[in-house]
Amino acid sequence: MPVQNSHRHESTMPTVGPGGLGIIETMMGFPDPDPRRLYEFFRGNIRDKESKETMFPVEYLFKQNVPSALTEDIDPVEVAINTMDHFGIERSMIGIEGEPGIRAMQQFPERFIASCSADANNGVDEVRKIRRLYEEFGLKAVGTFPAGCTPQVPIDHARWYPIYSVCAELGIPIFICAGIPGPRVPSMCQHVELLDIVCYDFPELKIVTRHGCQPWTELAVKLMLKWPNLYYSTSAFAPQHYDPRIIDYANSRGSDRVIYAGYWPMGLTYERIMGDMPNVSFKKDVWPKFLRQNALNVLGLSDLPG
Numbered sequence: 001m002p003v004q005n006s007h008r009h010e011s012t013m014p015t016v017g018p019g020g021l022g023i024i025e026t027m028m029g030f031p032d033p034d035p036r037r038l039y040e041f042f043r044g045n046i047r048d049k050e051s052k053e054t055m056f057p058v059e060y061l062f063k064q065n066v067p068s069a070l071t072e073d074i075d076p077v078e079v080a081i082n083t084m085d086h087f088g089i090e091r092s093m094i095g096i097e098g099e100p101g102i103r104a105m106q107q108f109p110e111r112f113i114a115s116c117s118a119d120a121n122n123g124v125d126e127v128r129k130i131r132r133l134y135e136e137f138g139l140k141a142v143g144t145f146p147a148g149c150t151p152q153v154p155i156d157h158a159r160w161y162p163i164y165s166v167c168a169e170l171g172i173p174i175f176i177c178a179g180i181p182g183p184r185v186p187s188m189c190q191h192v193e194l195l196d197i198v199c200y201d202f203p204e205l206k207i208v209t210r211h212g213c214q215p216w217t218e219l220a221v222k223l224m225l226k227w228p229n230l231y232y233s234t235s236a237f238a239p240q241h242y243d244p245r246i247i248d249y250a251n252s253r254g255s256d257r258v259i260y261a262g263y264w265p266m267g268l269t270y271e272r273i274m275g276d277m278p279n280v281s282f283k284k285d286v287w288p289k290f291l292r293q294n295a296l297n298v299l300g301l302s303d304l305p306g
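Here the sequence shown is numbered in our numbering, starting from 1 and rising by one per residue.
Rather than coming from a laboratory, the hints here were simulated on the basis of the structure.
Keep in mind that the hints are not guaranteed to be accurate.
[To be verified] Derived lysine to aspartate or glutamate pairs resembling EDC-like cross-links, with alpha carbons at most 16 Å apart:
id : residue 1 : residue 2
1  : Lys-129   : Glu-78
2  : Lys-226   : Glu-169
3  : Lys-222   : Glu-204
4  : Lys-129   : Asp-156
5  : Lys-226   : Glu-193
6  : Lys-226   : Asp-256
7  : Lys-226   : Asp-196
8  : Lys-222   : Glu-169
9  : Lys-222   : Glu-193
10 : Lys-283   : Asp-256
11 : Lys-222   : Asp-196
12 : Lys-222   : Asp-248
13 : Lys-129   : Glu-169
14 : Lys-284   : Asp-256
15 : Lys-226   : Asp-201
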């Protein structure tokens, strides 16, 4: 029997932007003249003809919400800054392994938060990379996509443990895609149950799930109740489709554990995200935590005025 969001609240989303709440975005990329490049790293795992040929391997999920390609003569960093300003986003967490990310951190260090991706198949080289980026750019987080690794690496596999260890040592969180992945690749490597042993083995490591945890959302909530180092972010879901279990959890015992994340420009426009957002039934005191404070806490950042 489906869980209903039985506790509707009369709260209103706070004003964001100048004079209001500054949003902390925990999943943002840069637009590209050829959006196919955003997904090339896992396209080799895909077998079905439709997914191989489409520009966006999960286009079937997002329909008309996918941002368009960037015109060649427009600066992606400038587009990102203008987009953030327009939608009240104070700071965004970005990947710094490409030219736009490095330049963004150099030009606007007060607006961007450095993160990198990790593939457990790369062994100790990945540990070296994390340490180097931490020293060079003040790396604040690492992101993983177990189903997108080639070959796939389950969340609890030993190959991830050196990466989990270095993140725990450096005091930075790891963001892990969990649940059925959108691309048509096998899913069990991202079963939410696999987080249980990782939380046990690394009590000092802050772990944040990405991409919904579905259809194991109830299990994700149960594990967050159990493990104080486990968090949930809302990446890749338009607010209209936030799981009712997550909303109820944030409105009760989980107000400090649910973190806003978008998916621009990989799959969602901010027009869609922020157009939906005021209709989410968070309690009044949950909104600033969800949109800002929880991310700052997990990323180890100070809460500057904004």
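Outcome of the hint check:
no. : hint                : result
1   : Lys-129 <-> Glu-78  : violated (27 Å)
2   : Lys-226 <-> Glu-169 : violated (23 Å)
3   : Lys-222 <-> Glu-204 : violated (19 Å)
4   : Lys-129 <-> Asp-156 : violated (21 Å)
5   : Lys-226 <-> Glu-193 : holds (12 Å)
6   : Lys-226 <-> Asp-256 : holds (14 Å)
7   : Lys-226 <-> Asp-196 : holds (9 Å)
8   : Lys-222 <-> Glu-169 : violated (27 Å)
9   : Lys-222 <-> Glu-193 : holds (10 Å)
10  : Lys-283 <-> Asp-256 : holds (13 Å)
11  : Lys-222 <-> Asp-196 : holds (10 Å)
12  : Lys-222 <-> Asp-248 : holds (13 Å)
13  : Lys-129 <-> Glu-169 : holds (14 Å)
14  : Lys-284 <-> Asp-256 : holds (14 Å)
15  : Lys-226 <-> Asp-201 : holds (14 Å)
When held up to the earlier numbered hints, the structure conflicts with 1, 2, 3, 4 and 8 and fits the remainder.
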